[in-house]
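Novice: Protein chains in written order, with our numbering: chain C, 1 to 336; chain R, 1 to 167.
Bear in mind the hints are in silico, worked out from the structure with no lab data behind them. All values reported here derive from a predicted model rather than from experimental measurement. We put the beta carbon where it would ideally sit given N, CA and C, even for glycine. Among these hints, one or two may not hold up.
[Claimed, not checked] Listed below are the simulated EDC-like cross-link pairs for lysine to aspartate or glutamate, each with C-alpha atoms no more than 16 Å apart in a straight line:
| no. | chain 1 | residue 1 | chain 2 | residue 2 |
| --- | --- | --- | --- | --- |
| 1 | C | Lys34 | R | Asp135 |
| 2 | R | Lys114 | R | Glu137 |
| 3 | R | Lys2 | C | Asp5 |
| 4 | R | Lys166 | R | Glu118 |
| 5 | C | Lys34 | R | Asp24 |
| 6 | R | Lys2 | R | Asp24 |
| 7 | C | Lys34 | R | Asp40 |
[Claimed, not checked] Only part of the chain C face toward chain R is listed, based on derived beta-carbon distances under 8 Å:
| no. | residue |
| --- | --- |
| 8 | Asp5 |
| 9 | Thr27 |
| 10 | Asp31 |
| 11 | Lys34 |
| 12 | Asp45 |
| 13 | Ala92 |
| 14 | Ser95 |
| 15 | Ala96 |
| 16 | Ile98 |
| 17 | Asn100 |
| 18 | Glu273 |
| 19 | Gly277 |
| 20 | Ser281 |
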Amino acid sequence: MRPFDYFRATATGDAAMASGQIIAGGTNLLDLMKIQVVNPETLVDITRIEGLSEIVCHGDGLRIGALVTNTALAHDTRVRAGWPLLSRAILAGASAQIRNKATTGGNLLQRTRCPYFYDTSQPCNKRTPGEGCAAQGGSGRMLAIFGTSEHCLAAHPSDMAVALTALQAEVEIRARKGDLRRIPIQQLYREPGDRPDRDTVLEAGDIITAVILPAPLIGSRQVYRKVRDRASYAFGLVSVAAAIEMEGDTIMRAHLSYGSVAPHPWTDDAVAEMLEGQAASDALFANVADALISEGAPHPDTEYKRTLLRRTFIATLRQLTVLADRSGTDIARTQA
Amino acid sequence: MKTILTVNGKQHEVGHDSRRTLLDTLRDDLGLQGTKKGCDHGQCGACTVLLNGERVNSCLCLTAMHEGDEITTIEGIGSPERLSALQKAFVEKDGYQCGYCTPGQIMSATAMLKEISEGAPSYVSDDLGAPHLSDEEMAERMSGNLCRCSAYPLIREAIAMAAEVKK
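If we strip away everything but chain C, and leave its shape as in the complex, we get (with noise of 0.2 Å):
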C-alpha cells in the first residue's frame, strides 16, 4: 500500500466534505490499494457514522441504511420472509468472513474482478483512461458480454446488486450539500463508453445512503441461481435473480435480472414482455432464451456464457413454474 492519512468522519457531512476516498468494510478496497491498483492520498472511514446500520420499515418496504452488513442484509427475518431472492442472492456472493464485514453501499460500488484491471503490468481503461485494454485480444472467460465498449469488456461481479435489480430497489445518494435523491439502481451504474473509469453516476462528495426496497411481491416465487467454477466462494460465470408471479399455468410477471454478463446487473425488458400473460411452456422459454441471448459475444472467450445464459435462464424458470423440481424456491410470504 502506498502512504495515505486516515480520517474518521462521524457524519454523512463530514465524509461528504473531506475530499478522500471513502472505506467501509474495505474487503474490495484493501485489496485493490494493497495491488496499489487504487491509491487514495486520504482514507475516510465513515463506518463509526451513526444511522446508516438499520433496516426499517419504509411504506410497505424496507429501507436498508448503506452501512447494513451484508450478513445482516440476508439473516434479517423480514428480508427472509418478503425478498428471498435477496437473502439468496447475498449468501450466494463471498465467504461469511466477507459478507461480515462488506456493506449494502460498498457491495454496490465494488469494482470489477477482470484480471488486467488488477494487473498494474497490463493497459487497463477502467484503470487509466485512454490507457487500453489488454482484455481485447487477452484471456477472457470472466468477461462481461452484453454493454461493453470497445475500451472495456469488464463485468460487475456483484450478486446482491442483480437481486436488488430484479426487484427494483433504489439507491438514496446524499450529495456534498446534503441534498438527497433516489434514483433505481439501474440508474446507479454507467455504460462503459469511452470512461471505463466511471463505474456509476455519482459525483465528487455523493454517498449512498440507503438501498429501498419496493413493497415485497406477494405470493411470487423467488430463486436466484449462480453458475460459478466451484460450489461456493467463487464469482459467478452467470446467474440468474427471477420472481415470477403465477395464475395457475399463466405467468403474469415475470421480474429478471442478470449477473456476471455486463458492465452493470443486466436487464432486458423484451424478455419480460414475451413471458408475462403466457402459460409455461419449455417451447416459450426456449424462445424467449434466444431472444435473450441473440447478440453474439464481444470476445471469443465469453462465446460459452451465451449457451451458459441461455441454459441457466431455462433451468430458472423451469424451477419457478409448474415445469421443474422447485426445491431451492421461495415463496414470498405476506407480511405480518
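Got chain C sorted already, so can you dock chain R onto it with the hints?
Specialist: This is chain R only, laid out in the frame that chain C set:
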C-alpha cells in the same frame, strides 16, 4: 498513530502506520502468531479472527478502523492445557495435515457453530429456514477457509464432533 484494542480480553494500545492491517498488528506487534498469513487478500481464511464476536479476515481489516473493538484469536479460545471443544476435536479427528490453515479453520468453525445455533441461513439452507449441521451446510459455511492439503472431510468430522459435545 495509536489504536486501543481489546485482544483476548486484554486491552492494548498499539502505535502503528495507517497502513497496518489487524493481521500484522496481532502477529508482529502483539506477538500472537497463532493467526496465520496465507494469501493476505481475503481468499484463504488463514487469518480468520473474531471481531466483536463475528468471524472476519484480519488481513482485510485496517487496525486504525478498529479502535475500541474486541478481537479473539486462536490463543483466546483455549490453551495447550485447556483446549476448546473444537481444538480437541481437530486433534482427535486429525483435522489437518500441515496445520497452517488450522487456526483459521477453528476460529471460523467457532463462529459458524454459533451462527447455526442462532438460526442463520446459508445459500444451501432449504427455504432459508432453521439450518441443521449437515455435511453440505458445513462445506458451504466453511468455504471461506481453504485447506491446500485438502483435509476437508476430517475438518468437517471434527466440527461435527465438537458440535455434538456442545449439545
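Novice: Next step is simple, just say for each hint if it's right about the structure.
Specialist: Results of checking the hints against the structure:
{"no.": "1", "hint": "C:Lys34 <-> R:Asp135", "verdict": "violated (35 Å)"}
{"no.": "2", "hint": "R:Lys114 <-> R:Glu137", "verdict": "holds (14 Å)"}
{"no.": "3", "hint": "R:Lys2 <-> C:Asp5", "verdict": "holds (13 Å)"}
{"no.": "4", "hint": "R:Lys166 <-> R:Glu118", "verdict": "holds (14 Å)"}
{"no.": "5", "hint": "C:Lys34 <-> R:Asp24", "verdict": "holds (13 Å)"}
{"no.": "6", "hint": "R:Lys2 <-> R:Asp24", "verdict": "holds (15 Å)"}
{"no.": "7", "hint": "C:Lys34 <-> R:Asp40", "verdict": "holds (9 Å)"}
{"no.": "8", "hint": "Asp5", "verdict": "holds (7 Å)"}
{"no.": "9", "hint": "Thr27", "verdict": "holds (5 Å)"}
{"no.": "10", "hint": "Asp31", "verdict": "holds (5 Å)"}
{"no.": "11", "hint": "Lys34", "verdict": "holds (7 Å)"}
{"no.": "12", "hint": "Asp45", "verdict": "holds (5 Å)"}
{"no.": "13", "hint": "Ala92", "verdict": "holds (5 Å)"}
{"no.": "14", "hint": "Ser95", "verdict": "holds (2 Å)"}
{"no.": "15", "hint": "Ala96", "verdict": "holds (6 Å)"}
{"no.": "16", "hint": "Ile98", "verdict": "holds (6 Å)"}
{"no.": "17", "hint": "Asn100", "verdict": "holds (5 Å)"}
{"no.": "18", "hint": "Glu273", "verdict": "violated (30 Å)"}
{"no.": "19", "hint": "Gly277", "verdict": "violated (28 Å)"}
{"no.": "20", "hint": "Ser281", "verdict": "violated (26 Å)"}
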